[in-house]
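Trainee: Listed below, chain by chain, are the residues.
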Amino acid sequence: MSDQTDTTPRQPDSNGDRYHLLIEFAHKHLDFQIAELESVLDMHGISLGDDEECRIIALPNANKTKLKTRHGKTVQVHRVKDSGSGAVTSRRPFLILSLPRTSKWIPNNDETQTNNIASIILERCTLVRNVMELWGMGTSIEECAMAAKDWIQNYTLGKLTFSRVSSESWKLTVHTLGAKYTYEEQGVMRSHVSHLGFSGPVQMKDPTNEYVLIHEIELNETGSPLYPRHSPEGKIISENDARPPIACYFARTLCGTRQHKGRGKEQYSLKNRTYLGPTSMDAELSSIMTNLGHCKEGTIAFDPFVGTGSILLSCALRGAFCIGTDIDFRILKGRSKDENIESNFRQFNLPKPELIRSDNSIHHRHFRTTSPMYDAIICDPPYGIRAGARKSGSRLTNPKPVPEDQRHDHIAQTRPYPVSDVMADLLDVAARNLVLGGRLVYIIPSYADFDDECDLPRHECLRIVHICYQPLGSELGRRMVTMEKIGEYDVSKRETHYLVSTWVNGPESAEKCANIREKILENAKLKPGYESKLEIRKQKRKANKEAKRIAKRAAADNFTD
Amino acid sequence: MRLLTHNYLQSNVKGTEEGYPLGIVPETVEIEKSPVDRELLLSILPKLNYDAVHQAVAQLRLHCSTLPKLPSTLPENISNDENLVNDLYFVLFDVHVKNGCLVCPATQRKFPIKDGIPNMILHEDEI
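Taken in sequence, the protein lines are chains A and B.
Take the first sequence: its letter number 211 is residue 211 in full-length UniProt numbering, and every next letter is one higher.
Take the second sequence: its letter number 102 is residue 102 in full-length UniProt numbering, and every next letter is one higher.
No lab work stands behind these hints, which were simulated from the structure alone.
All the given hints hold, so there is nothing to weed out.
Derived coverage of chain A by chain B (criterion: at least 3 residues anywhere in the stretch with Cβ under 8 Å from a Cβ of chain B; other residues may be distant): (1) 293–302; (2) 325–335; (3) 360–367; (4) 404–417.
From the three backbone atoms N, C-alpha and C, an ideal C-beta is built for every residue, glycine too.
All chains, please: the whole structure from these sequences, using the hints.
Mentor: Listed below in structure tokens is the structure:
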């Protein structure tokens with residue numbers, strides 16, 4: 001946000017008298033935050049952009065005029081190219097949305113209002129921690145308190161809001177993002193806003209309104225304070241000198257107090273599921289995927305590499321009807337009646353998904369494709385890092401025919417399925433089977449040399465909406481790509497056009513997301529101490545094997561006794 | 001396997017032209033009632049091959065007498081007919097073929113259904 005020039009100051013009773021919503025993000029998956037927010041708002045027909053009703057405005061920045069280096073550290077601004085809105089995100093955990101005063105999405109106390117922008121965001125955005133109504137902001141507490149006072153005294157919306165809420169019960173929370181202030185120091189901060197004059201009773205437990213005074217300091221990429229509290233000589237510096245605020249906000253929490261938010265999400269964690277595999281998708285990421293894919297009630301979601309069904313489960317939690325296919329029958333069937341995909345769905349009282357053993361490389365031969373059925377295709381394709389891809393057919397060009405009498409229990413042969421084809425087929429299946437406007441969301445791993453512009457697979461009928469990058473190390477990372485179907489599929493162009501134009505740079509691009517496992521292993525070999533670590537691992541494996549063997553023999557002995 | 005899925009599956013053996021709709025030979029059929037999702041039903045109804053639904057219900061009725069009787073052609077303006085909407089939803093979403101097989105109408109190739117999962121994978125000489 002720091003590079004943006006538009007600060008859109010509020011002007012009393014004019015177009016500038018806008019409603020400001022302050023959003024606080026959890027400090028993770030930084031690159032996914034705006035994409036997720038944009039997708040969720042888009043689902044309700046709210047578009048985010050500089051020329052739209054709803055736009056992002058710049059955060060105050062006390063360091064803007066200062067040098068970018070302090071304590072010898074360079075402050076890196078994490079920039080993200082964003083489609084559509086042109087927004088730039090920093091690693092600051094706040095974002096301000098500005099809406100016109102007359103917008104129907106502004107939260108008010110009218111009970112007939114079923115949907116407002118705050119409840120929409122809080123209901124779905126996995127990465128949002130809190131949504132607040134911004135009363136004032138500034139680069140210092142004084143400035144912020146002045147702005148809040150100005151708003152409630154001189155602006156129509158501010159006056160209305162204040163007269164409505166000031167007599168209700170309230171409490172004031174000081175939020176300092178990891179910086180530690182003593183009770184007295186917090187008291188001083190509170191005193192700056194005491195002149196606002198709330199007439200309602202103070203209530204610490206479950207008040208009607210929770211006001212938050214936020215003291216934002218600079219954070220590093222892990223979400224901890226950027227500057228240490230110790231001077232190089234080891235002396236403790238006072239908090240305000242060590243980590244001065246880069247911005248302060250005064251806001252009213254919407255849709256319940258801070259402490260009630262973010263509860264109940266743990267129940268969906270992978271560790272609470274009955275059936276898991278090595279490639280099960282983390283609950284948080286798959287929940288983001290459902291938002292990017294616009295999964296909701298009355299829609300159909302499809303995962304062609306369903307595995308243990310972890311992605312579909314998240315889609316089902318959003319109310320989508322789920323269909324999954326996989327080529328591996330063992331994983332579809334699960335370990336037992338209580339350890340399979342169905343048992344995971346049963347656990348959360350969700351309708352069971354439709355599972356079909358089929359091969360995505362010939363999806364159009366398994367399924368009728370005349371009328372597209374899926375609203376979203378959401379998947380984590382097999383890249384051969386933990387699980388390699390297979391497709392049906394023999395490695396031989398002329399396979400031996402299966403004898404008639406052995407046909408019914410014959411195990412069909414499969415052959416390796418190169419990543420370049422996996423992706424070409426996936427995009428083609430999506431282009432053919434998604435409804436217009438339907439979305440494809442997938443994950444693709446990559447090394448540092450990956451270029452979004454020319455290395456991502458393409459399809460004439462699909463447009464890229466979001467690319468979110470998740471670093472997994474200094475070199476390795478993965479991208480979550482969201483595409484939208486924008487054109488009707490023409491079957492006659494499949495072989496001649498669609499399948500051959502998937503990779504912009506041909507085999508060179510396709511090669512970049514293939515053989516990632518080999519690349520990881522090669523890189524590991526270059527690290528110092530690889531040989532000795534390998535030896536230790538070998539010994540451990542041997543010991544484990546031996547222990548298992550002894551245990552097995554002991555059990556057998558017990559049995560015969 | 002629900003009948004919704006059946007409506008989309010087709011036989012895919014090399015050289016098969018008329019592999020749709022697949023016949024159903026049920027062994028076990030389970031019924032699991034679920035709340036009617038009207039919106040979902042009305043959005044997929046135009047995409048369905050109704051004749052295939054009708055045929056599938058006829059084949060399953062021998063095995064499961066509680067299936068409702070569906071009209072042989074789908075009337076226009078179905079959204080006003082609450083009973084028919086409910087019946088169609090029940091047929092498409094609440095009836096699960098647990099075990100049995102699907103049969104290709106052209107080649108008689110059988111695709112087994114086991115634990116509710118149809119196995120559409122082809123043998124290497126059918127690709």
